Each structure stands twice: as structure tokens, then as C-alpha cells.
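Asks: Here is what each chain is made of, one letter per residue.
Number of protein chains: 2
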Amino acid sequence: MANVPITVAHGDGIGPEIMDATLHILKEAGARLDIETIEIGEKVYLAGNSAGIAPESWESLRRTKVFLKAPITTPQGGGFSSLNVAVRKTLGLYANVRPCVSYHPFVSTKHPVMDVVIVRENEEDTYAGIEYRQTDQVEECLKLISRPGSEKIVRYAFEYAKKFGRKKVTCFIKDNIMKRTDGLFHRIFDQIAPEYPGIEADHWIVDIGAAKMSDTPENFDVIVMPNLYGDVLSDVAAQIAGSVGLAGSSNIGENVAMFEAIHGSAPRRAGQNLANPSGLFLGSILMLVHINQPDIAELAHNAWLRTIEDGVHTYDMFKEGTSKEKVGTREFAQAVVDRIGQKPQTLKPVTYSANVVETDAKPIYTLPHPAVKELVGIDIFLDWWKGTFYGVANDLGALVEQVNGNGLKLQTIANRGVKVYPDGQPDTFTVDHWRCRFVSDQGEGHAVNKHQIHALLERLMVAHLDVIKTENLYTFDGAKGYSA
Amino acid sequence: MANVPITVAHGDGIGPEIMDATLHILKEAGARLDIETIEIGEKVYLAGNSAGIAPESWESLRRTKVFLKAPITTPQGGGFSSLNVAVRKTLGLYANVRPCVSYHPFVSTKHPVMDVVIVRENEEDTYAGIEYRQTDQVEECLKLISRPGSEKIVRYAFEYAKKFGRKKVTCFIKDNIMKRTDGLFHRIFDQIAPEYPGIEADHWIVDIGAAKMSDTPENFDVIVMPNLYGDVLSDVAAQIAGSVGLAGSSNIGENVAMFEAIHGSAPRRAGQNLANPSGLFLGSILMLVHINQPDIAELAHNAWLRTIEDGVHTYDMFKEGTSKEKVGTREFAQAVVDRIGQKPQTLKPVTYSANVVETDAKPIYTLPHPAVKELVGIDIFLDWWKGTFYGVANDLGALVEQVNGNGLKLQTIANRGVKVYPDGQPDTFTVDHWRCRFVSDQGEGHAVNKHQIHALLERLMVAHLDVIKTENLYTFDGAKGYSA
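Protein chains in written order, with this note's numbering: chain V, 3 to 486; chain S, 3 to 486.
Simulated from the structure, these hints should not be mistaken for lab results. Mixed in with the good hints there might be a few duds.
Note: identical chains are not told apart, hence a pair may lie in one copy or across any two.
[Said to hold, decoys possible] Derived DSSO-like pairs: lysine-lysine, alpha-carbon spacing no greater than 27 Å straight-line: (1) Lys321 / Lys214; (2) Lys482 / Lys388; (3) Lys29 / Lys421; (4) Lys452 / Lys388; (5) Lys214 / Lys112.
Here the structure is a predicted model, which is why all the values come from computation and not from measurement.
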């Protein structure tokens, strides 16, 4: 079989050592790779590339479509942006996949039976970083969840489960509160799950789900989540497995995929032949399966499991009693190489070859028939402050009622999601950020048009009411597209 | 000392039994209470009150300002809204406080040394439930964080620590990503912490913090968080302490406070003298301290600890070997009553009397000098779809450039937070939700005015570009109030 081109970056700190160790194992296991090397990280930042990667390196990534990346150091001081964010955004890496496995009794953990894979949506949610200072007192961040974004990640989770012989995919959402955004994610999960009849599907509200996962992770298999929950809970899962230093992850896009360790560049350990290469190595195992070399992945991963089991441990894993031999980075890699062809005796051997299946060529996303959208009103957000946190809602109401007209009328005013006008409670605490909902004077749900909205905005301007933000209200196929 | 009026609701399912048990212990411990009873829950919902509480019951809550609440059952079917949300919103209960304690070796847990209090902001964040369907493909939820809201909760956490003799308050935020919203929460934490020199203050990025808390909770004391993180992590903390059935919580407002168990009404266990009253009982301990009866709180809480330690356990806690006697709800309460005056021998006794201090009369919130706000542009959000997820940004750019004029010009177009125009990548995946940023044609940061904005909106309308949402761009005291 032909070699597969990949792009490799050796990174900073312990990066070069653990990359050398990883590549040594891969080579000896027979991985069929053509390696292109690029430089990323500290030197590249300091040479004036604000994201830590040179423009020409993107060409390599776009050509090979596979990136094995060592950890980097972001220089101190301002003006440097995250390399991972740049790579994720530029290449559309929508899925972050993190297997969290315990290696009891060889690595200490309170959860001896744990083998959970977190599949985290990687582009949307509050992590798009779209924020606005609204007023003196209020900041806002937009949480965006899209249908195609959710479809991509949910389908990826099921395809992953199928490819790796997993039995169950669980969805974590908070759709009892965020009925629209998390509701969309949940609905898409429910739509896609039946396409995979061999895989069990269930869901938890994220608070209870997180509690169960933290206490009894053995009851979970693959868990798919929106970005924020996935960020927090993938760290929880890696930590309680006892193995942050042993976890690798992949970042998957439609064209390009990146594989790495989840830990950082640990500059204080650099250059001393101390670091544990296991995180990056396990990232490279995900890469081998991705580029369709499951035979090599299986050989190398089983040799690594056997090494762990034989008690050949780097300093971070070494524990008197359990461990047998404390070794350096190079010696650890050599110990794995020496065990190529062997399987673990206590830990469960991996069997990628047997499980890899041809995936059906599903579309990555489908679009239902476009909904019929009708404009039915607008939420106008005002910056307004009368010097006190209490009892001013009726004063604002009186001012805003004055701009009613040409078919639009003020329906309610809310403050931080609590209705305060009309019929509010005088003891409700209010800040300087007010949402005024205007609907048709024929009643809520009746169509209005953009000209009416535009005229309303003009009247607000003339009345010196400080509009800082608007959200149009629509129905989609006759159903309300906005919360109360 | 005079009796303190409180409002009590017996709730549904196991509610009446555990409330009777709790009130029996409080009475025998000498609590000085005048009890007003209100009805909430299933019957009240079915009588036509959509939030499960009758209008006249609010009067009792506003009068006594103290609410001891048993769990309720929300009827199946639509149209019923959450009682807790209604109470929280109407009465402004801004702080949710949940002590999570392990009772090793008497209650099994993987974390024998755990005594963490989660203080969760309860009104803001994405939990205000403000959501909009934006387009065919995209849903939005607003995350709002306010200065006074953050100040209230952070100050509450420190005051709590002071009152209960706690040593450290930790803040969990994600301000490396949400620099404005979570950044505000963090900044206020840093401002308030120095007012409490006897209490250690630190902070974690929520992902790492959650991982540490789940693995080694013994390193945490009081943790204060925005709403969403607090929701998820308070459930994690209660579960890993081994004691969801044993946890009480308080919901604190400026005027009214509510105390409850964190578990539900468990209808299948109802009426059988089976249920464990400990969650509600521990909620009532928080209430006793709140109404300044720390002597009674200490007596009752120590008697309860002694009962747990003596192995007198309800069915849910009973474990052969550890437990001595399996008892019902009433017998458990009587066992606690029988131990009033005793202290635990193995578990640490509580000492509320010694720790209660007069709190300085700090203001709940302060307002710095209002910032000078200057309008410098607007983000216009468009619903636009050209039938494909790739390669159309330049087409949209060309259309939008046509509305430039009267001092405003298109600066960038972004899609889900990724810049796609000008100089976008053709392989960037885009959905039907576009953010067009307009700034002064003198350059970003130059002032513009509302009339220019209004004229721009008119040109967009005439050009049939479908504006669905706007966010004005401001500087505050010269600093940008918006993300890139």
C-alpha cells in the first residue's frame, strides 16, 4: 500500500522529544507515512505570525489533510492568538474527540472501569466568542447553535461509534431551559439516532448527566455534546480516568483532521528525556485509524498497553509497588517498540482491524424544506438608567408607549428575562438593559412588515430612547420562533 | 426571644411526610417559629394556576420572607410552568447555595473528605431563557451577565464564607474565551475579594476547575460560579459526595429566601413512611441560621450527624455492615430528636453559634462612575442562503458593499464567528446566518451616529437584504465594547 502523506509539527517544550518518541514507535510498527514537517509555536509567534503558524504551513495542511501536532508554548504578553483556535476556525475542525480510559490497576483512579469517549462540537455555542458590551452594567455573549453544525457533530458521533464498535451514544443537553438552541441539538440527535439501529441512543439533561458521568462513568460509552458542556466535561472525564497525561484527542474537519495530546508543552520538563509521550502517541493512534491503517494502530496500541501493564513507566506514572521500572522518554518508546506484536494480559487488547467497517456514504447534513418565515414583531433593547434598581419599569413603560403607532404596539418590557411591564412587581430588581417587545396591534402573531419596523425605529430615535440592539420576531411554518 | 414567622409548603409525593419529620425535629430542638402554611404543587396546578402556586400565597411569602418548601409534582402535559422558576423570578432569588458534604464512612462515597459549598448565580447567564430562531438553520440564546448581578452573588459567597467560618472562596469562569461576559464576573470577583482579607480567594478556568473538583474535591471550600456552570457542577458535587438524597439548598433573595431539599417528590415512595427526610431537614438547618437561630441549628444538626453515625438509616442509606438499624421516616426523625444535645463522635460536629459574626453593612452593589459611551458602528445580521455551504461569502460581500454610504462602510462579514469576507477561505463552511460589521468610513473607532445607522438600515431594506437582528458597536471610556 502507498504511503500516506501527513504534516508533523514538533512544537515547543517537551514537544520535540515526545514527537520523536511517537514517530519512532509508529515507524517500527510499520506505519506507512510520508512526513512533511512544519514549524509552529513560539519561534513562529516571535517571528511575527500572530497565530503561531506561518502562511506557507497552511499549504502543507491543505495538501496532506492530516496534522500530527505536538504541544506548543504561546509567548507571554499580548497580541498572540491561540494557534488551536486559528487551525480549528480556518480548517473547520468541527469535532473534538477525546477518549478517556482508565488503566486500572496500573494507573491509579477512583474509577477503575471507565472507557468514555467525549465527542464535543467544536465551532458553535458561546465559544464562537461573539460578545457585546450592552450598557454600563450588562455584557452579552451570543450562543449560536445551527442545524447543519449539530447534524455534523451528531452524525460524527454515531459514525465514530460504528467504526470503533461502540454500543451506545448519549446526548447531553439542557433543553428544559434552552428549549430552542439545545432543543435543536436534541431534536437532531433524535432524528439521526434511528439511522443507526445497532447503537443504543439516550440523552440526559446535562446537569444530571454530568453528575452520573462523574460518579459512575462505567455507565457511559460515547457522549456527544454542544461545545461548552463538552469543554468542561471532557476535562472532567480525562481527569477522573486518572490520565490527563495519557489522553490524546482528534479534531476532525470535513477535509482536514488534527491529532494531538491534551496536555501542554511543559517547558520545565523539556530537554531532559523525562516526558511521557503517551498522550501524543495515543493521538497518533487515532490518526492511524483515520488514515485507514488500523492494522498498524492495533499493533502499536497493544504494544503500548502491554508496556503500561509491564510497569515500564515514565516519572509521571511511576508509583512504588505498581510500577516496575522508571524510564525516560526514549526508553519508554523503545519499551513499546520491543513489545510490538504482543498484547496486554490484564487490560483489554484493542482490535481496530476487526471493527473498521465501510461507512455508508451518508450526507453530512440534510436540509429540510425551508420553513415559511413571517415577521410578527421585534424586540428592541434599550440602554436606560434612572439611578435605581427598583420600581422604574412603569416609568419606562410610559415613555415607550408613546412610540406605539402605524400598526405596532408595545406588548411587554422584560429585564434579564423577567417581565416587568405591564403588571410587574415593584420589588423586582432591574438593571439598565431593557427588552421592549413590539407586536402587531391586531394581536401577537399577526404579520407586520419591515417598513413598520423601520418607522418604529425612527420614532424611538426621535424620542431619544437609546436602542442598542434589535431581534426580529418571526414565526416559522406558523410556529413562534422566540421565547416568552 | 420572639418567634419568627415562616411560610411552609408540604408539597406532593413524599413531601408531607418529610416536612412533618423535619418540623418535628425543629420543634423538639426548640426552634422559635410561627408557621403559616400554603398549598403548592399538583392540586394547585390542576386548579388552574399555571405556576403551581395560588396568587394569595405570594402574600404569605412577602410577609414572612422565609419559605421552607417540600418537593412538588408538576402534572404531566403541557401548559404547566416551573414553580421554582416562578418563585425565583418573582422574588429575585439571586443565589442558589448547595453544601455538598460526604459522611464517610457512614455513607459510601469515592471522596471521603469532601465539604464543598457551591454558590450559584441564579438569575442571569443563558438561563434567562431569551432565545430566537434566527434563520432556517440557526437558533440563538442570549447570555447576559450584569455587573450588579455578579456583584450580588460574589459578595454573597464571601459573606457566606465569613458567616460559616469557611477559609477559601474559588471562582470558576471561562474568561479565556468569553472575555467580556465571564471577564466581567472575574473582574468583580477580583474587586470584592480584597474586602475579605481573612478569606483566601482563587480562580480556575471552569474546565480545569471542574476536573479538579470532580477528582479532588477536598481541595475546595466555597465555589462561586455563573448560573450554567453552577447548575452542572452543583449536581456533580452533590452526586460525588454520595448524598443527593442528603443535600439541602437555599435560594436567597434580597428580601425573601427559600429552603428545600434538592431531590424530587418521589411519588412512588409516598405515603409509606419510607422516605429520608434528611435533604429537607438540612435545608431547614440553613434556614435556622438564616433567621438567626444558630443555637437551634447547631443542636439539631449535631443530633442528625450523631444519628447518621449511629447507623440509624432510612432504606436509601441502609447498607449491611455499616448501618445498624433500618428505620422509616417517622422513626428516623424520632431518632434525631432522641439525640438532641448529643454530638457526633467520628464526624466533625458543627458549631454555628461560635461562627456567626455580625456582618459589616456592605452595600450589595456599587456602581462605578458611568462610562462615556460612543457609537462606532453596527453589526447587522442577515438571513441569506444561496443553496450551498461553501464559497458564497464573496457573493454576499458584493451585495452588501452596495449599501455602503453616508459615512459607513462594510468592514467584515463573519459566519458563526469566523471571518469570511474579505479574504476568506473558499473551504470555510458557512450557514445562512451572516454578521456584517459596518464602521465609520474614517476607520474603525471613529464615531458614527444613530441617523447614519438608521439610513443604513433603510438602504438594506431597499436592497432586499433580510436584516433579522442588529447589535450596535460602542466604545466605553474609549475601550472597544465588542469582540473581533
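Asks: For each hint, tell me whether it holds in the structure or not.
Replies: Now the hints, each set against the structure:
1. Lys321 / Lys214: between (29 Å within a copy, 21 Å between copies)
2. Lys482 / Lys388: Between. Shortest inter-copy distance 25 Å satisfies the 27 Å Cα cut-off; intra-copy 33 Å does not.
3. Lys29 / Lys421: neither (65 Å within a copy, 39 Å between copies)
4. Lys452 / Lys388: between (31 Å within a copy, 22 Å between copies)
5. Lys214 / Lys112: both (14 Å within a copy, 13 Å between copies)
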